[in-house]
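Given next are the chains, with one letter for each unit.
Number of protein chains: 8
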Amino acid sequence: MNSDGLKALLEQVKSGDLPVQRALDTLKDLPYADLGYAMVDHHRALRSGHPETIFSQGKTVAQIVGIARRLLEKDANIMATRAEPPVYEALKTIGDRVEYHETARIVVMNRLPVTPTRTTILVMCAGTSDIPVAEEAAVTAEVMGNRVDRLTDVGVAGIHRLLANREKIQAASVLVVVAGMDGALPSVAAGLTDKPVIAVPTSIGYGASFGGLAALLTMLNSCANGVTVVNIDNGYGAGYAASTINRIANRQADDR
Amino acid sequence: MNSDGLKALLEQVKSGDLPVQRALDTLKDLPYADLGYAMVDHHRALRSGHPETIFSQGKTVAQIVGIARRLLEKDANIMATRAEPPVYEALKTIGDRVEYHETARIVVMNRLPVTPTRTTILVMCAGTSDIPVAEEAAVTAEVMGNRVDRLTDVGVAGIHRLLANREKIQAASVLVVVAGMDGALPSVAAGLTDKPVIAVPTSIGYGASFGGLAALLTMLNSCANGVTVVNIDNGYGAGYAASTINRIANRQADDR
Amino acid sequence: MNSDGLKALLEQVKSGDLPVQRALDTLKDLPYADLGYAMVDHHRALRSGHPETIFSQGKTVAQIVGIARRLLEKDANIMATRAEPPVYEALKTIGDRVEYHETARIVVMNRLPVTPTRTTILVMCAGTSDIPVAEEAAVTAEVMGNRVDRLTDVGVAGIHRLLANREKIQAASVLVVVAGMDGALPSVAAGLTDKPVIAVPTSIGYGASFGGLAALLTMLNSCANGVTVVNIDNGYGAGYAASTINRIANRQADDR
Amino acid sequence: MNSDGLKALLEQVKSGDLPVQRALDTLKDLPYADLGYAMVDHHRALRSGHPETIFSQGKTVAQIVGIARRLLEKDANIMATRAEPPVYEALKTIGDRVEYHETARIVVMNRLPVTPTRTTILVMCAGTSDIPVAEEAAVTAEVMGNRVDRLTDVGVAGIHRLLANREKIQAASVLVVVAGMDGALPSVAAGLTDKPVIAVPTSIGYGASFGGLAALLTMLNSCANGVTVVNIDNGYGAGYAASTINRIANRQADDR
Amino acid sequence: MNSDGLKALLEQVKSGDLPVQRALDTLKDLPYADLGYAMVDHHRALRSGHPETIFSQGKTVAQIVGIARRLLEKDANIMATRAEPPVYEALKTIGDRVEYHETARIVVMNRLPVTPTRTTILVMCAGTSDIPVAEEAAVTAEVMGNRVDRLTDVGVAGIHRLLANREKIQAASVLVVVAGMDGALPSVAAGLTDKPVIAVPTSIGYGASFGGLAALLTMLNSCANGVTVVNIDNGYGAGYAASTINRIANRQADDR
Amino acid sequence: MNSDGLKALLEQVKSGDLPVQRALDTLKDLPYADLGYAMVDHHRALRSGHPETIFSQGKTVAQIVGIARRLLEKDANIMATRAEPPVYEALKTIGDRVEYHETARIVVMNRLPVTPTRTTILVMCAGTSDIPVAEEAAVTAEVMGNRVDRLTDVGVAGIHRLLANREKIQAASVLVVVAGMDGALPSVAAGLTDKPVIAVPTSIGYGASFGGLAALLTMLNSCANGVTVVNIDNGYGAGYAASTINRIANRQADDR
Amino acid sequence: MNSDGLKALLEQVKSGDLPVQRALDTLKDLPYADLGYAMVDHHRALRSGHPETIFSQGKTVAQIVGIARRLLEKDANIMATRAEPPVYEALKTIGDRVEYHETARIVVMNRLPVTPTRTTILVMCAGTSDIPVAEEAAVTAEVMGNRVDRLTDVGVAGIHRLLANREKIQAASVLVVVAGMDGALPSVAAGLTDKPVIAVPTSIGYGASFGGLAALLTMLNSCANGVTVVNIDNGYGAGYAASTINRIANRQADDR
Amino acid sequence: MNSDGLKALLEQVKSGDLPVQRALDTLKDLPYADLGYAMVDHHRALRSGHPETIFSQGKTVAQIVGIARRLLEKDANIMATRAEPPVYEALKTIGDRVEYHETARIVVMNRLPVTPTRTTILVMCAGTSDIPVAEEAAVTAEVMGNRVDRLTDVGVAGIHRLLANREKIQAASVLVVVAGMDGALPSVAAGLTDKPVIAVPTSIGYGASFGGLAALLTMLNSCANGVTVVNIDNGYGAGYAASTINRIANRQADDR
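Chains as they are written, first to last, in the working numbering: chain A, 49 to 304; chain B, 49 to 304; chain C, 49 to 304; chain D, 49 to 304; chain E, 49 to 304; chain F, 49 to 304; chain G, 49 to 304; chain H, 49 to 304.
Hints are not guaranteed to be accurate.
[Said to hold, decoys possible] Here are the in silico distance ranges between beta carbons for each label pair: (1) D/198 x F/140: 15 to 23 Å; (2) E/147 x C/105: 28 to 36 Å; (3) A/120 x G/117: 40 to 48 Å; (4) B/215 x A/105: 32 to 40 Å; (5) E/105 x F/164: 39 to 47 Å; (6) A/59 x D/144: 49 to 57 Å; (7) E/65 x H/166: 40 to 48 Å; (8) G/121 x E/105: 37 to 45 Å.
[Said to hold, decoys possible] Keeping only pairs whose Cα atoms sit at most 27 Å apart, straight-line, the calculated DSS-like set for lysine-lysine is: (9) C/55 x D/107; (10) E/62 x H/62; (11) F/107 x H/107; (12) G/216 x H/55; (13) B/55 x G/140; (14) H/55 x B/107; (15) F/216 x E/55; (16) C/55 x F/62; (17) F/62 x C/62; (18) A/62 x D/62; (19) A/216 x B/216; (20) D/55 x A/55; (21) F/55 x E/216; (22) G/107 x G/140; (23) F/55 x C/62; (24) D/216 x A/62; (25) B/62 x G/55; (26) H/216 x G/55; (27) B/107 x D/107; (28) F/140 x D/107; (29) D/216 x C/216.
Calculated directly from the structure, the hints in this document are not laboratory data. All values derive from a computational prediction rather than experimental measurement. From the three backbone atoms N, C-alpha and C, an ideal C-beta is built for every residue, glycine too.
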């Protein structure tokens, strides 16, 4: 219930159309069920294309389909992450505009058209094996309406490949930097820009990489300014966070 | 050497004022010593008040003073973090506009006036003991020219105190959320806004908090969208990253 | 041997019916074989429906059937946890009232009828993926004779869904709160009640959740009062502990 | 604002004594500021002697005094845990009924008389060095109005000392079991009772005890039923949780 | 070369039958190739039935057969641990007295008859799931010529079952105590005997048992005297170490 | 109450000198208070010089003195480990035969004369810094009546120093091998003997030795047979365990 | 662009053949795209047979083939590590001199003949199970043009086998020492030579070897001089690093 | 005993001057006490200036002086690492050419003059706080007779400072690269050279650097070729290992 609704209720009480006791009952459950921020959620979804997201890992295909059906009723954009091909096959049967981003392992049921931002998120990664996580970030950001630029295989051991792309780096309004193994790329990349850098450690590596822990610690300890970190392999989280930042930048660009 | 300098050099070669061999010698060291991004660094400092920062921990007072002297020659704003009172006492003797933020443990030698942003960074923390880290974030952001709002003692075990401040939360363009112990605050806070949330774990806690590891892991695993994380107790890093985001928002606000 | 048995034995010694040496032999093994607490065990089982539990994980179907057979002879209620469908198929063939709780992965061979408590255990969980662990707790508690209420998908990132259920929360005499990922739910839930809260971390999550370690540490470091913790994914342990508490509450309710 | 207050407000709207707009303003901040559970908090404090607790560790004496002063205005019982003697000396100067429990390191400013429960919490510990943590639990429980029984130096390596106290163990309505080093005591103790057992690992030990981690893991992995665990050295948390359980048992005993 | 061989060589030098230079060449490689302890190894094998052991895990069947063939030439007793059935099938084809201990996963190619010791090693374990590791210890000890007694399912949560077997415990000259989960059994068992206790943590458990780490730490931190520990699941190592101790005890018993 | 006492009681019941009810009362507390193993404890102490041990670390001098006083009444040998000089100064004032082993940090109040074993425990350590732990082991074993041989500074990086002592190594009936840093010594030493080897990791090392964890893991993973391990820096535990083994060997030697 | 190219460009500017603006555009991208070290890379490859390496693990066969095709165009030696047989089968179809080193799991597409060094790298390993990692190191070094000597099954528990090979050890100019379990071999080996020792921990072991962590820590804490360490199972990295050292030694040998 | 001594002994046996039995006795202890490699040790020391090193940390000044005195008798160069000023003060009193390298915390008692190599070891470090560890490496290498070049404050976040020194980097025959925090420098540096890189993690950092663990893992997981790693803060080990490599390079240079 928003402000107008509440005012109408009070007017009814005043006019005697609504008995005090029934008004009391209505108000009792108000605080939790119908707060401002809940509406923000709703408005936000409409305005910015924020999708409803299903994290598929550890769920059965049947469960995923069930959740998707319920979301379709809410008229929302839907994204299923960590989705293997059978998930795509199943979702295809319940929606009409269903796409599968195989490398990113994302199914999109994108019902509302979105105009991409003019400002850009740059998603870069250190090695070929990091591409799936980078794609999860990139596709997430694209689904949320962002223009996304990509840069792959720019590991710090061959620093010239990274430097050769410095214009791309400086053109982006926010960077998502994905790296496994030594996780050193965000430190170097953040030194080449004054924009926010979101670092994503991947579980790529062997031996003492400990499933991405090594890269995670490297990034948390980055000696470069402006770096923040998300969970190991969490391309989705990085893409989402980058989108919240880029959309601010885009509004600025629009206003100009 | 910037573009104009390089053009001038080429003109001199063309006119014959500069022998090819001497131009060659000059260009040989160019790539590393005088690149575009280095100049960006310089311009950035002038434009946005990005300070030169000295991380005082593990350095002697003499070392800190030495570094500060060199930076003063460069005409830069200077910030010394993790600075105990003796550092302040020493720096006071070499500069004229020197302030000490005791709780934040930051000394500022702020030589260039900065106009605060109109948009706001909200720095909130869960418990009283988290305040020093929160202040490090807040003061860092202020020194970098941001308007900062503060909110303390809003731990999730007393959720009503947090909810009572939802307007403050929704008004900020970026949030820095500081918490030790269970580190649960960023998850809840991020659910109340659609703005970027930078989570800062603190080493506050006992037993199995393992020096902030518990809070760090909580934040990395946050089930809320839009949360990124910095190192344990790294208020400076959070304040810096928040500033890179808020300045984008501010330019947008200015443009309107 | 209980007090009466011992007295009878001494009477026999006194009357001369039992030679001292044979009485001595009997008494020699008494202390360990027939102590008071052992009888407590037995009485407890009869009175409260405490089941004999087989932890199926890591056992062959044949081993489980063997153990179940032996327990059936003791006329006890039997519960097999972590039981996959083949365990159910096998146990069906040796008992007559055998049920399978598939999500909870529990087989119950419940031979003695149990009247549910009037007081309630509330089992809540943060996400859909936590449901199996929550169900293990709920079914365990139900088998032990407790009335159980359930609440799912009330993660802290959408705080309004949790708050909308505050009456359910405050009505329970003990709460089992199940959460993976950031494990933040128990901290918030415990702030909404003055009843004991048993927190169950789950291994749900990815990256730096480290198989539930992140959630475990969060819960151990909870800043809310009244929270105690069980092992990762240990729904059975939580349900059992909750039952020991709820049965006290129930006796109180009965007495009123 | 409680139900009666809300009803009065609506009556005033109906009668015209309160303009709709002002009623609207009042209601707008209602949800967060004045919810049911907040009042529960207040009532709970009055009824059960739940103290306001200051965790002294990491706070200056001045900060602790400041917090205590504010709490005194609320007419609440106050407890300062992890309090070294200077804290006691300082608090003595601002209150009149101030006691110091030195081993437990707790200062109590206990303004409201509390009748102890008839049911009992048994606090036991494995070794002499665990006593401070056990006392923190015991004193916390006593301050909250519980009758507390104590048992020390009953480590499992001398099992007969533990067994000799089995009556004490079986008489308690809830057990707090404190142990460092191998942390094995709760597993054995829980086998001797059917009441809830709250296990408290301590940081006592050397080498690979890793500050209590060994004991913590032991307890989380206890093969005995009914055991839940709190953080390392968290006597306060254990005492608090035990109190929430014992007070239920006590009400039952009272009702009989 | 043993002492006699060396003496013979020197005699040949003395008699002039062996030129000094050739004696020098022979002696040059002596130190490493033919030392006393190497012979000890050989004698030890003959005297005590110490088997040559093949650790099968991570080796192909072909590799195991190859190693076994080479050992058969040396006329040694052979033991293959961690051996799955196919290893047994293959070894049966190259030897004539080949047995498979399925639970222990040990193949024995036992060519030399061994008289069991009169003194006893007691191998006990806490739960049914620990039996494979306990059997690895027991069979290893038996192959090495020890009399072995077994005790299963004596976990500390049902202390009476353990106490009921105290005579067995006190009769053994050395104990191997196997436990997973909380790993508490060795602490209790060592309190019931004054003989050496070798503790074996197993990887049995779930959640925060971390593959046996919890039990390992418990045992290393045992508050009972006389406990030493081997690696997780290392039944073989425990059986071997127990044998080195029991054989001393046996010689004592023989001498009496 | 031993077997004779129990028989006497039964005779009294038979003769009518003891009423059945009073016999019943006496027997009721028998199981726990007066069991066989408790007497074993007592006899063991008298026979073998097993001392009562006070672990001083984390106790105040006053607490240590208090415990020692109580033990003196029991006429037992007393050992205080981890004892700093002030502990020695205090204990000197309450006993008459008090010695301080400074390097081992052990105070002995040794009231009963002990004849050393003829068989030998060899305590060896890798580096100079490991000596305090080695001495704790050696003095513990000596106090318990063992002949102890010592070998220091025989790290594996200078293998010839170790090999030069092979006779000493092979003469011992049990070895205690102490090492920090890489902890490799027990693996090599165990290859030079067929006697039990008790490995003691020390916290000596830097960087990634992690307070002895590196050495501990090395020893647990030793590829040599017959090695068991105690806690980090636990010289006392190693000396005690070695004594339980050596005394068996000694009885054997005595019997010859 | 090398020095000559730059000079030519400047000459063109001087002569007026190249407008200043176009020279400016050319130079703008110079620093990163065409630096000295990039050329070093190229020369190095030609001179020393440094191969281009594809890390196959985590890549599909199709991806590997794609990368190999691109490298073949560059006329480089190619090595695919961690390559299972299907990778070999696929690469055979696109090249003509393709070999598969099965134990090392390396496919070599070695297009340029390489003369082996006269100096030697010794690759030794502790156990049979370490051979695959040792072979990865050995084959890597051979492909890079080194003479390689091998030594297997020289674990420290049988020190005589290691010592018997001391001449081989002292003849090598650099050692690669591979060991799992306790990882003690490098410490002993480094004591037998004054040459650099590269230690490679393997994931071989069980229980608390934690996937090679135990061996890694042992090696990092080696008490022997001259030892450096690579990642767990990283035979490739060790072979590569050994080659960089041995080629220096070889040039020395060549020069003599 | 060297080859000549052994020959003399055999000659004496041949001539009859030495009875066979006495020769036998002499030879019996030969293998371990006087082996070839021991002499290598001695010769090496004379030839290359390899110092005897005392690791001072954890030793008393008296112990250090005692060890130094004994080494002085052997006429060796002596180095005391991790030496605080009092160690220097004490050692000055027992030697005549004693120097203190304060930043490196190394005392050198350098009795034999050493000619520096012509080839160079480059010791570089990322931040000011890493200098003490870098100096430990540099001084160690210098004491061992190497020419050492230094480069400080070249962290990867300001990549241009590193690149500006590429000539220095490519001129060195071996690199020691020291870094704390994110430990990313070795990965970048190794990409700029084809020489061996020895990486040294430091304990510099805060929060989740975990005492250098983060940097250690980064370096072990370096994606650059030719990188090997030593223990955290182990400047001495890195300097020593670099020296073993550089001396090979130097001999090559000498030979040219």
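Outcome of the hint check:
Taking 15 to 23 Å as the suggested C-beta distance range, the pair residue 198 of chain D and residue 140 of chain F does not conform, at roughly 33 Å. Evaluation of the 28 to 36 Å hint for residue 147 of chain E and residue 105 of chain C yields a pass: the beta carbon distance comes to about 30 Å. The hinted window of 40 to 48 Å between residue 120 of chain A and residue 117 of chain G holds, with their beta carbons roughly 44 Å apart. Judged by the Cβ atoms, the range 32 to 40 Å given for residue 215 of chain B and residue 105 of chain A holds: they are separated by roughly 37 Å.
Taking the beta carbon of each, residue 105 of chain E and residue 164 of chain F are about 44 Å apart, inside 39 to 47 Å as hinted. Checking the proposed 49 to 57 Å range against residue 59 of chain A and residue 144 of chain D shows it holds: the Cβ atoms sit about 54 Å from each other. Look at residue 65 of chain E against residue 166 of chain H: about 55 Å separates their beta carbons, and that is not inside 40 to 48 Å. Checked against the hint of 37 to 45 Å, the C-beta distance between residue 121 of chain G and residue 105 of chain E comes to roughly 44 Å, which is consistent with it.
Proximity of residue 55 of chain C to residue 107 of chain D is assessed by CA-CA distance (about 62 Å); at most 27 Å being required, the pair is judged violated. Pair hint residue 62 of chain E plus residue 62 of chain H holds up; C-alpha atoms about 4 Å apart against a cutoff of 27 Å. With a CA separation close to 26 Å, the supplied pair residue 107 of chain F and residue 107 of chain H stays within the 27 Å bound. A C-alpha spacing of about 24 Å is found between residue 216 of chain G and residue 55 of chain H, which places the hinted pair at or below 27 Å, so the restraint holds.
Between residue 55 of chain B and residue 140 of chain G the CA atoms are separated by roughly 53 Å; this puts the pair beyond 27 Å, and the hint is violated. A hinted pair counts as satisfied when its Cα atoms are at most 27 Å apart, and residue 55 of chain H with residue 107 of chain B does not qualify at roughly 61 Å. Note on residue 216 of chain F and residue 55 of chain E: the hinted pairing holds, with a Cα-Cα distance of about 24 Å set against a maximum of 27 Å. Proximity of residue 55 of chain C to residue 62 of chain F is assessed by CA-CA distance (about 13 Å); at most 27 Å being required, the pair is judged to hold.
Of the pairs offered as hints, the one joining residue 62 of chain F and residue 62 of chain C holds, with about 4 Å between alpha carbons and a cut-off of 27 Å not exceeded. Proposed proximity of residue 62 of chain A and residue 62 of chain D is supported: the alpha carbons are some 4 Å apart, at most 27 Å. Distance hint between residue 216 of chain A and residue 216 of chain B is unfulfilled; the C-alpha atoms sit about 36 Å from each other, more than 27 Å. Distance hint between residue 55 of chain D and residue 55 of chain A is fulfilled; the C-alpha atoms sit about 16 Å from each other, no more than 27 Å.
Proximity of residue 55 of chain F to residue 216 of chain E is assessed by CA-CA distance (about 23 Å); at most 27 Å being required, the pair is judged to hold. Between residue 107 of chain G and residue 140 of chain G the alpha-carbon distance is near 17 Å, which keeps this suggested pair within the 27 Å criterion. Distance hint between residue 55 of chain F and residue 62 of chain C is fulfilled; the C-alpha atoms sit about 13 Å from each other, no more than 27 Å. Proximity of residue 216 of chain D to residue 62 of chain A is assessed by CA-CA distance (about 65 Å); at most 27 Å being required, the pair is judged violated.
Annotation: proposed proximity of residue 62 of chain B to residue 55 of chain G holds, straight-line Cα distance about 13 Å (limit 27 Å). Distance hint between residue 216 of chain H and residue 55 of chain G is fulfilled; the C-alpha atoms sit about 24 Å from each other, no more than 27 Å. Between residue 107 of chain B and residue 107 of chain D the alpha-carbon distance is near 26 Å, which keeps this suggested pair within the 27 Å criterion. Taking the CA atoms of residue 140 of chain F and residue 107 of chain D, the gap is about 41 Å. The hint is violated against a cut of 27 Å.
A threshold of 27 Å between alpha carbons decides the hint, and for residue 216 of chain D with residue 216 of chain C the separation of about 36 Å lies outside it, so the pair is violated.
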